[in-house]
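Enquirer: Listed below, chain by chain, are the residues.
Number of protein chains: 2
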Amino acid sequence: MQSWLSSNVSVPRRKERLYRREAATMRNSSRKCARLALLSGFFLVALFYFWKPRSKEVDISSRQDTPIKKLFTGKIGDATNDYKDVPYHIKEEVASRLAQNACVCKADEETFHLPLSNLLFPHVWAHNLDQAFLEFHPDPESVKQHRADEYNNFKERSYNPADVLHVAEANSPLQYPTQGVLVRPLKTIIIPGLALKEETRSVHMVSLTATLGSFDVAAKVDMVSIQGVGEKNMVLSSPLLSALNKQLQFVTYTNIVFHPKTADTIQFATKDHQSFFTIKIEHRNNPKLYNSGYQTEYNITALVTIATKTFLRYDKLKDLIDSIRKYYPTVTIVIADDNEHPQPVTGPHIEHYIMPFGKGWFAGRNLAVSQVTTKYVLWVDDDFIFTANTKLKKMVDILEKTTLDLVGGAVREVTGYTATYRHTISVEDGGKEGDCLHIRLGYHHAIKGFPNCVVADAVINFFMARTVKVQQVGFDPRLARQAHLEFFIDALGHLHIGSCSDVIVSHASKIILPWSKTDVQKAYEKFRYSSSATNAKTHNEIFYFKNRFKCMTSQ
Amino acid sequence: MQSWLSSNVSVPRRKERLYRREAATMRNSSRKCARLALLSGFFLVALFYFWKPRSKEVDISSRQDTPIKKLFTGKIGDATNDYKDVPYHIKEEVASRLAQNACVCKADEETFHLPLSNLLFPHVWAHNLDQAFLEFHPDPESVKQHRADEYNNFKERSYNPADVLHVAEANSPLQYPTQGVLVRPLKTIIIPGLALKEETRSVHMVSLTATLGSFDVAAKVDMVSIQGVGEKNMVLSSPLLSALNKQLQFVTYTNIVFHPKTADTIQFATKDHQSFFTIKIEHRNNPKLYNSGYQTEYNITALVTIATKTFLRYDKLKDLIDSIRKYYPTVTIVIADDNEHPQPVTGPHIEHYIMPFGKGWFAGRNLAVSQVTTKYVLWVDDDFIFTANTKLKKMVDILEKTTLDLVGGAVREVTGYTATYRHTISVEDGGKEGDCLHIRLGYHHAIKGFPNCVVADAVINFFMARTVKVQQVGFDPRLARQAHLEFFIDALGHLHIGSCSDVIVSHASKIILPWSKTDVQKAYEKFRYSSSATNAKTHNEIFYFKNRFKCMTSQ
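Read top to bottom, the protein sequences are chains A and B. What the first sequence shows, in my numbering, is residues 550 to 1104, in sequence order. What the second sequence shows, in my numbering, is residues 550 to 1104, in sequence order.
Given that identical chains are not distinguished, each listed pair holds provided it fits within a single copy or across any two copies.
Taking lysine-lysine and the BS3-like style, the derived pairs with C-alpha atoms no more than 25 Å apart in a straight line are:
id	residue 1	residue 2
1	K693	K981
2	K908	K1018
3	K997	K810
4	K950	K704
Calculated from the structure, these hints are not laboratory results.
Build out the structure end to end from the sequences listed, making use of the hints.
Expert: Pasting the structure below:
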């Protein structure tokens, strides 16, 4: 601006001073303006940067009680208390099968003692875990309280409104979805199946109420008035029932309170009737698929990793590896090793992991399985020997073609005796003292199409499984020495388990005369089978505290 | 017998011969009897031993279609096809929010280019994962087919009848439970809430039909006749409605076809009406509780294990350990180490695991976490430094008091810049080409009671989490080099995630002038940041194949 003034016009001195003063004023103003603009700019930027629409706070401390829940709990109470005066006679053989929430820890009574009776009629043993664990504990009351607190927290975190009992009222004019409605977190869906079926009246009215979301409509129908659009409570009314019902086909639900896995209980009501249904709020189950190559024949190397743990038995481990390589030269073998003085275990497709000395059996299993990058993992013990009967394709086949997650094989001792170690496991409610765990020899069903295979809950320690599923269950690293069924107890409800007797691995001979044991063998047995008191204490703690059992019965 | 004959009586020789013959005959008969008894004994034993009641075979090949499902799918079709003639006007702003099962891979349009615009208004990038992965693949059609096959198998295995849409019919005289009914596998329950509410007639009749179980009654009510007791189809009828309804309060369901996690769809019908509801067949969620001792103050050593992975940065690892020990002298530190030439890392409460050279980042993370035996695990990178602001008790506190499974902290660079790296993640259905993954900076909500904490879907690599939950999600060992958000993508729907900005760990300085880098630093950077083409290919494969995404948009 200054240059413009001085270059263009010649003016008298007084006017020049005037102009100079004006120019100075204008410069000052400009500077002020510029400063103001700059400050405003910064202010706007700061405002934008720091002001994000503060979404409502969420209370994530406890999720079990909502106002809506109280409404329908009352209605269920009414529904089940009717007909008090009608007499009935208990049918004992059925009533006795009902869970009482008070399981009793009872062994079989010994009815007769024939030779071999335990072989033919395996006796059921009962083990009072609570007594066993608590009686040596310095402060049993505190432990009980601690377990109760941990369990309550666990239940609060696992609580899902989709598991609560709902009863559909009879003779209600309301039509609504009772299951199968799902919305991804913070997304919108149309609620299917809503309708009102009542006789003609001057006004037909319905209302919808939610807790974690709001309602709207994806299309508008004439002659229907709607209040509460975009709110948690929406009321629709119309003199025409067909218009109202058409409008109800466009009602949407938007989840607005974020939670990755919960449900919203919706009340759908008209003047004299109420119904309740659930909208699940979840991410859909994301798959974890493995690209093992598209081939007509099973490519065992691409599909399977063999996993094992070793301790003080490098000779047996070497025999195992040599036997695997006869039939599967390129399959990856993962070895977890907690020896005090680890030796190298090398070779193509061998992964050797060194752990702290004596870290333990299940820690090693969990480690080995955590490293597997193929669709299936085959567990073997380090003293197994592969033979021509160890046909892994059979295991892959049943896993590919059925809903099984894990399939056990058979282990053949040097005597010829072959074991599948099939067990069934069930849990019975026991109230606040803990539940009862029941383990029995046997299986549930044969499997159609697989004549040598059955469905069970636990199998022998030679099995192939879906890697993702086994990783999800895991081997509890707190179990340092002997453990086996604990994995299957943790797997209850998570793994669909089978057992095929025609996939056989051999067990290196255990028939060793005491005077011919090597020092290494003696050290191994001492380590594995000693410290039984500590071992028992750990097991009791796992069953009593971690799994919350008070009793275990087994054969 | 012979001695008796010869000792007691003196008889004539002919009679003696007779008696001898009789005795011989009797002896022969006895021997035959004895042999027969023995054979029968063995036969009975063998029969008992080998004859177990052969339970029906189970078909576990596919579980999606049942006869009952066809019945109610038809009814839902009817329910949603009514009112075709009523006109409507689409409400665009709502309709556009509905998932179309056809997500589009779209970046933001560049509307303006101010300096720092990406900082203030982070641009959304779109990445076509299917193109990126398939265009360099030798046989893209096979890969697509393989992925589709794997996904279909996954869906079949995950299918649960409890997820199928059901709609309650209006004006039905049937009352029945619509959710919340659960039976443990092979057990028996009373079905709650069944009733018939109709006007008086000569005979009131209801029927129940199941697929995986049978019906019975726990008590018998007079004047009610029942057909099909113990069968999959049971019919109850009575001239007295109150008697029928009292009887309905005692109806039991017994699961007879074993499956560890499924549901039976039950049809409950009367002459003119049908209703459908689900009985879940599941083991209840078995807890995995940790006995960390019952104390008033948080015992960090008993509650928390610190886990990390190290590679070529033993100096930084040592600084990390020293800094931890200033504040937490007895907390266990688990270290996964895939160096080519591992060095010893020793000290009390340190567990050092040696992996095959270069096995990788996420393999090491999965290993470390697989070894944790405390309730919580704290993840740290090997170049972090603990300070007085690294208050682990705050993290424990929010995990103890809320439903969060994982809480991230903040990482402070040497410049003073502190990052929480909060992101939100969502998945949009995309049909058979795959879904769309959307990652944005930011969070969902603030957390009531914890002023510096928010709920998000992904956080920075400094977090404390429930050990069991993190082990269940896992770190995919296929991700060898750079990876971070992949864990949170796998966690979607499984972990409730938070982030608190007031628990701060420092990051060892990364400001190193190029000419002052040590050989080790150069080797580290070369290893970590090189092979980016291979790295990108692995990432694309993981997103495209494993997670089945076709597109990823992010900021």
